[in-house]
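Participant: Given next are the chains, with one letter for each unit.
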Amino acid sequence: MTQPSGDREAHYRILLVEDDDGDALLVEELLVDTDLRYTLVRSRSVAEARGELAARPFDCVLLDLHLPDASGVATVHTVQETDGHAAVIVLTGLVESRAGVEALAAGAQDYLVKGKVEPELLQRAVRYAVQRKQSERASAALQVGRLRAQENARLERGLLPQPLVSSPSVTITSRYFPGREQALLGGDFLDVVQTDDGQVHAIVGDVSGHGADAAALGVCLRIAWRTAVLGGHRDQDLLHLLERMHIAERSGSSLFTTCTLVTLDPLRAQAVLHLVGHHEPLLITPSGAEVVPAEHGIALGIIPGLGDWPATTLRLPARGSLIVYTDGLIEGYAGADERLGVEGLLAIIEETDASGPGDHLDQLIAKARSLNAERHTDDLAILRIDWNAPGDAADGPAPAGERRGRQPTARSGAH
Amino acid sequence: MTHTSGSAPRPRQLSITTKTVDAVRIVAVAGEIDHATCPQLTQALLTEDATAVPRTVLDFSGVSFLDSSGLNVLIKAHRTAAAAGGWLRLAGCPDAALRAIELVGLDTLIPCHPDLQHALHA
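From first to last, the protein sequence lines are chains V and G.
Residues 1 to 415 in the UniProt record's numbering are what the first sequence lists, from first letter to last.
Residues 1 to 122 in the UniProt record's numbering are what the second sequence lists, from first letter to last.
Because the hints were derived from the structure by calculation, they are not lab data.
Treat each hint with caution, since some may be false.
Unchecked claim - Residues of chain V placed beyond 10 Å of chain G at every Cβ, according to the derived structure:
1. 83
2. 104
3. 296
Said to hold, decoys possible - To give an idea of the interface, some chain V residues facing chain G are shown, with a C-beta separation under 10 Å as derived from the structure:
4. 162
5. 165
6. 167
7. 206
8. 209
9. 212
10. 249
11. 307
12. 337
13. 339
14. 341
15. 343
A virtual CB, placed ideally from N, CA and C, is assigned to each residue, including glycine.
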């Protein structure tokens, strides 16, 4: 429908579906006597009408219920299946007003009884039917939006749980952003739990697809990981379990999952890393940021059962941070023709002066997104694990990206 | 046959040219393979016409970037070729693309050769 500007009436595109020439002429004459601005196209059958509806948009369909190739409320269903945007006004005979009511129940916006229609009534019926249809569509879109928001919230709770960490010497901070063009969350996920032996276990993962299927698989893997870790599974055993879960739950055989597993032992001042098709984390210390050199294993689901995931043991300084992230952080652009990459990320970290871990991550992400100049980004999950050795002075040297003399903020849950 | 993307603002568009030599399809790809451009790669490798010749060498010497979207397409193409009794080989991957392939371990599934000649005669 062409929208009115100022006092001008909207222009209605009307499709009349009527096989009887006399009835069609009557409707045409009634329309001429209205004040409507309209374009009228006539079809003599449902098949013809479907062709017209497929070829161009209409605002309103005036529909006879007795056509050569269809009759009754089935004609309403057929028209709506072909074009759900057009308002439908059913034309009934004098003795079949019940059919009009049935047509309303089937989704028509209004019905008119042939022989009892005046120009003013037809004019009002067309206007109201079109407005009613627009309201219905807006309401449906709003409901879809609400449902989508609810689904997002559910998925986000699944992908980004509250970390189960009780150690006062370890701080967990995380951030998550879905890809900008995705209606639902993508397949990035993370989780952190501390076991009874004091070790802090973390996972950051990335299912290779986008949308609801990838998000659902991400939730499955995160829950499987948490359950397995709390059940005592570690290292190769844990990863084989995750791969079995990945294969059982994935929606397509080309999907794979990359992840990094971290087991941090604050008492021994060491961390064990397993890189599963995933790039290396960053270590941040008072002297700066660096890539942690670590061995790699293949992603889950590439060659099921083949996986051999070597462990890398990292000696930890008395105070520092590990940043584990998915590739959405580094795959955006950093200018006209180059991607940010790890080197670009390290450069951003060098320039960042933050008041705590949360502020630090926010600044990293903001800078990366700014450099990417609002182009499409992949999903992004980022986890920062900060530690102080027991008894370490609170005002000791701060890791890079954090102002000296300021304590890290209280443990932040997933955002 | 050349496909050129006309979508998002890309510094380098993806172009794909295909030819068949001795019953081997050679698909040369140049540009950045990512979320925006991988549908073109899918079309070149996985449509009915594309899978008519099940032995394929992908010449990636012109590929400047490859992300997980592209890796997914490669896995699908490999599985499709294998199911038809053929194979998929990669040739001439620059460092950035090869790093992405090796990082996830895809080189254990799809052979990566230094150049087109090595791939054709492997």
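Participant: Are all C-beta atoms of chain G more than 10 Å from that of residue 83 (chain V)?
Facilitator: 27 Å, holds
Participant: Let me know if the C-beta of residue 343 (chain V) comes in closer than 10 Å to any C-beta of chain G, holds or violated.
Facilitator: Not OK, violated: residue 343 (chain V) not within 10 Å of chain G, min 12 Å.
Participant: Per the CB criterion, is residue 165 (chain V) less than 10 Å away from chain G?
Facilitator: 29 Å, violated
Participant: With 10 Å as the cut and Cβ atoms as the points, is residue 206 (chain V) at the interface with chain G?
Facilitator: With a closest approach of 7 Å, the residue 206 (chain V) hint holds.
Participant: Interface hint check: residue 339 (chain V), Cβ to nearest Cβ on chain G, cutoff 10 Å. Holds or violated?
Facilitator: Check passed: Cβ of residue 339 (chain V) comes within 6 Å of chain G, closer than 10 Å.
Participant: Under 10 Å is the threshold here; is the Cβ of residue 162 (chain V) close enough to any Cβ of chain G for the hint to stand?
Facilitator: 28 Å, violated
Participant: Quick check on residue 337 (chain V) please, does its C-beta sit within 10 Å of some C-beta on chain G?
Facilitator: Constraint on residue 337 (chain V) satisfied, holds at 4 Å.
Participant: Once the shortest beta carbon distance from residue 307 (chain V) to chain G is found, is it less than 10 Å?
Facilitator: 8 Å, holds
Participant: Once the shortest beta carbon distance from residue 167 (chain V) to chain G is found, is it less than 10 Å?
Facilitator: 32 Å, violated
Participant: Classify the label on residue 104 (chain V) as holds or violated, using whether its beta-carbon is more than 10 Å from each beta-carbon of chain G.
Facilitator: 43 Å, holds
Participant: Find the nearest Cβ of chain G to the Cβ of residue 296 (chain V) and say whether that gap is larger than 10 Å.
Facilitator: 7 Å, violated
Participant: So, residue 341 (chain V) near chain G? Judge it on the closest CB pair being under 10 Å.
Facilitator: 9 Å, holds
Consistency with the previously given hints fails for numbers 3, 4, 5, 6, 9, 10, 15, ordered from lowest to highest.
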